[in-house]
Every structure is written in C-alpha cells, then in structure tokens.
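Chains A and B are the protein sequences, given in the same order. Going by the working numbering, the letters in the first sequence line up with residues 7 to 262, in that order. Going by the working numbering, the letters in the second sequence line up with residues 7 to 262, in that order.
In case anyone wonders, no lab produced these hints; they're calculated from the structure. Watch out, some of these pointers could steer you wrong.
Copies of one chain are not kept apart here, so a pair can be met inside one copy or by any two copies together.
Using 27 angstroms as the maximum straight-line C-alpha spacing, the simulated DSS-like pairs for lysine-lysine come out as follows [claimed, not checked]:
| id | residue 1 | residue 2 |
| --- | --- | --- |
| 1 | Lys256 | Lys103 |
| 2 | Lys258 | Lys79 |
| 3 | Lys56 | Lys86 |
| 4 | Lys103 | Lys25 |
| 5 | Lys72 | Lys56 |
| 6 | Lys25 | Lys155 |
| 7 | Lys155 | Lys103 |
| 8 | Lys72 | Lys209 |
| 9 | Lys258 | Lys86 |
| 10 | Lys103 | Lys32 |
| 11 | Lys32 | Lys155 |
| 12 | Lys25 | Lys72 |
| 13 | Lys56 | Lys103 |
| 14 | Lys86 | Lys32 |
Protein chains: 2
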Amino acid sequence: MGEVPKVEIIGLLDFPDVKPGDDLGKLIVEVARRNGIEFMDGDVIVIAQKIVSKSEGRIVDLQTVKPSEYAVKLGEELGKDPRLVEVVLRESHEVLKAEAGHLISLTRHGFVCANAGVDLSNVDGSGLRVTLLPVNPDESARRIRERIKELTGRDVAVVITDTFGRPFREGVVNFAIGISGIHPFRDYIGKVDRYGYVMRVTKVCIVDEVAAAAELVMGQGAEGIPVVVIRGLRYERRDDASIQEVVMRKEKWLFR
Amino acid sequence: MGEVPKVEIIGLLDFPDVKPGDDLGKLIVEVARRNGIEFMDGDVIVIAQKIVSKSEGRIVDLQTVKPSEYAVKLGEELGKDPRLVEVVLRESHEVLKAEAGHLISLTRHGFVCANAGVDLSNVDGSGLRVTLLPVNPDESARRIRERIKELTGRDVAVVITDTFGRPFREGVVNFAIGISGIHPFRDYIGKVDRYGYVMRVTKVCIVDEVAAAAELVMGQGAEGIPVVVIRGLRYERRDDASIQEVVMRKEKWLFR
C-alpha cells in the first residue's frame, strides 16, 4: 500500500483589515508567517474576493451613486436599494433574471451570479459601501502569485473565490473567479477505468473544488478567514491558465 | 492568536471491488484500519455513489434492456445507446433537456443531472453494465453511518456523492446526493459581520463543499479512491438531516 493521500486545508488567522493600495501578496506572506506557515512549492493559496477587491479599490459608496430611472423602477420591483441596483447594472454585461427579489446577472467576466458579484457585507460603512468584483481576477491572481514568488521563492498557485448560488440547489457555494498557476481541470477523458472501460466525459473542475474546499475553513472563523492554504494537492501547473476556460460560452447553455 | 484551523482530506487506498450485498459500513471500517486510520467522533466519511449503488445491487446489464420506440428515437437523435436511454428514462422523473448530445433529467430524488445519474464507467462488464443512483441515498447514508457507529462506537457523518455538470460552467464537480448526521448548511443569515452589518443571505451548502473537497483526493488515485475521510471540520450535527433540504423545489427555479 502506498502512502495515504492527504490534502490539508489551513486557515490563516487574524488577517488585518485590507485597504485600497495594500500589497496583498506581501500581506499574505506576513500573515502566513505569523501563523507559523512558510509556503511550499505547490501550495494553492485561496483568497476571498472581498479582500482582493478592497486592495484594488473596487469599493463604491452608495451615497455617491445616482440611480437611473430604470434602476429605481427595478429596485422597487425587487425590494432592493435603487443605488445598489444601479451599481449592479453597471457591473452587468446582461441582466438574466430580475424576479422574486433576485437580480441575476451575466458579468463582464462571464460569471452568472446574483447582483453581478456586488457585495454589501464586510465592508466598512454599515452597508453603504459595497465591493465590486476585480476587473480582471486572473490578472489579480497572477500578480499576487508573482509577489509571493518574489518574497518567498516558492512556486504556489493562486485561486480567487466568491460564493455564488446554484440554479437547482439551495444555498451558496464558493467558486473560483480568478486563477494563476493551476490547470483548472483534471481530465479523465480517454483514460481507462479499472475495468478497462474508456471513460468518456469526466473533466473535473478542480479549481471550483479547491474554492469549495477552502470555504469549509474560511467560514469557520467568527469574523471569516479570507486566506486559506491548500497543501498536498496534486495538480497540473500551468502558467497560462485562465478562469475563462471554466466560463461556459452562452451559445452552449442548455438552461436560460 | 488561536490554534490555526485545519481540515484534512484523507483518502483510503486499495478499496476492494464492491459487490451486491456487501456490507459497505464494515468494509469502510476495515479498509480504514488497513490504512492506519481509526475513525474519530466528528469525522465526515465521504463515499462515491458508485460503490453504494454496487453494494445495493443498483446495476443493470444493458444487454437485458429492451428499449421503447421513444428511447430508440431519442438515442438516434442524441447519438446514445438506446438501451442506455431506456434506463435513463426509467430513472427520470422528467427529462428536462434532450439536445446537443445531452440528456438532462430531473431524477426522482430531485437532482438535475446528465443521464439521471446512470453511469457506465467503473462497472465490471466493459461498458454494458451501468449503475443507477441509490433509491434513497439519505437512507443509504444513514445505514452506513449506523453500521460504523456499531463497529467503532464513533459518531461520524456520512455524505454520499456524485459528479454533476453545472449550467454555466465547464466541467463537472462532486455534489452531495445523500447525507446523514450533518446539517447541510452553515447559516450566516442574521449574523453580524466584522463591521456590524447584519448579513443577509449567506446560507452556505457545506455538504456540497464537503463533496467537492473530497473529490480532490478521490480523483488522485489512478484507479480512483471511492472513500475519503474529512477530519477537523466544524459542523452542526443533526440526525434528521436530509439532502431534500438542498434540493430546490421546481417552483423556485429561475432557469429552466
């Protein structure tokens, strides 16, 4: 029998409040060290969208937003703050559903999610400041990964995540929204199973599974744990990986 | 600073071939011990659907299946074996989509998935035998959990999983299809975030995140690792938990 395969999900405690302009890569290395963790080659660093958005200044104060007539109308229909609706509309490539109190958008990145990823919680200002998704989350991940490499010499992968709902299931789950250094899929297509049967379609989206795994620890802290290290995962390293490979083109959608 | 939160995902190597009538709870305890693992209270035992279905005799030899006219027609349209289509139709509560080579069903359990969960791979017989989903995966999970309690005295949770596609994202991910002993959600609704803002809607489906996390290790073995132990997870124990809480009622669907 070989060595028992084991993957660890490790949360970094006491992450400080992140502000626009903060060097997130440096902050992550420092907090990891205070937690007694030195990064290793192959570690996957999973980062909650919220702190990436904050470090990039992707924060809007709703008090400064003047909603359009359409946003006011939609806000009334949905029972949402029209200023929030206005920001969501600006962040949307297309509004897919506006019903039953839900505003579901296709974002410019290609994500299908509530409120185009605009989020009220955990931003200073008691619900009047919201965060927007990073403009280019792959680029955000790449920058953080390179900074960690600079500071530690270690070749890690970075996955930025956000929680989204799912069409046919209750509750939200954490998804990958930006990646660097990790092939998004583990591919079984063409592999032979234990009975010699060639497997057909099993392209597993491991970056979404990494995101989901990380949330199990992110959600454990009373105040949230925005950065988690996944250690021991075997995956294919790829410098040119992009979350766009995970985004399904609209022409392929079966459910609309 | 408190103790660094850590969750472990541990794979059980060399799981034997499972046959109809096998005592899966006993087998899991035995294989765990051969892997040097004694279960602990609070461990979550994650089990791939395939071996549960096999142990329950949910196997069909396609050579014994006589397809209906409708199955023959649908098989031709989709490029699928009409006998497979026949089995899928029998397992479906409703066919939701039959197009572009995809046959997506709503199963009797309420899951939306390709081929109603009927699976060709990893069944003895080179692609002519298929497995069906367990009739009542919650009940399967409950039985295995009770057997483990009997044999070890430990109070574990059990999550049975299968890989499903997702409407707007490429690739499949592992989902929970039957649960016992674990509250399916971690609920942030009404909790106050670090800035005093009351969080609105963040009901996180941790059993799906547990399933996804487990797949990261299940998929690492060349032959697959059908049983994985999640250790160190904090979750609410509940004896009456059911995957039906995760299944969204069709009336609530926004995408059809």
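### Message
Reference check for the pair lysine 56 and lysine 103, CA-CA at most 27 angstroms: within, between, both, or neither?
### Response
within (24 angstroms within a copy, 36 angstroms between copies)
### Query
From the Cα coordinates, with 27 angstroms as the cut-off, is the pair lysine 155 and lysine 103 best called within, between, both, or neither?
Close neither inside one copy (42 angstroms) nor across copies (46 angstroms); limit 27 angstroms.
### Query
Which holds for lysine 103 with lysine 25 at a C-alpha limit of 27 angstroms: within a copy, between copies, both or neither?
neither (33 angstroms within a copy, 47 angstroms between copies)
#### Entry: Status of lysine 56 relative to lysine 72 across identical chains (alpha carbons, at most 27 angstroms)
So lysine 72 and lysine 56 pass the 27 angstroms test inside one copy only (24 angstroms; across, 55 angstroms).
### 27 angstroms Cα threshold - placement of lysine 32 relative to lysine 103
neither (40 angstroms within a copy, 48 angstroms between copies)
### Query
How would you label the pair lysine 256, lysine 103 (within, between, both, or neither) given a Cα cut-off of 27 angstroms?
Answer is both: 15 angstroms inside a copy and 16 angstroms across each meet the 27 angstroms cutoff.
### Task
Pop the pair lysine 258 and lysine 86 into one bin, within, between, both or neither, using alpha-carbon distances up to 27 angstroms.
between (31 angstroms within a copy, 19 angstroms between copies)
### Message
Within a copy, between copies, both or neither: which one fits lysine 86 and lysine 32 at a CA-CA cutoff of 27 angstroms?
### Response
neither (38 angstroms within a copy, 53 angstroms between copies)
### Task
Measure nothing new, just compare the shortest in-copy and cross-copy C-alpha distances for lysine 258 and lysine 79 to 27 angstroms and report within, between, both or neither.
Between copies, since 23 angstroms is at most 27 angstroms while 32 angstroms is not.
### Task
Evaluate lysine 25 and lysine 72 at a C-alpha cut-off of 27 angstroms and name the case that applies: within, between, both or neither.
So lysine 25 and lysine 72 pass the 27 angstroms test inside one copy only (25 angstroms; across, 65 angstroms).
### Task
Check lysine 72 against lysine 209 for me: Cα-Cα at most 27 angstroms, and say if that holds within a copy, between copies, both or neither.
neither (45 angstroms within a copy, 31 angstroms between copies)
### Intra- versus inter-subunit Cα pairing at 27 angstroms for lysine 56 with lysine 86
within (21 angstroms within a copy, 44 angstroms between copies)
The structure is inconsistent with the numbered hints 4, 7, 8, 10 and 14, although it conforms to all the rest.
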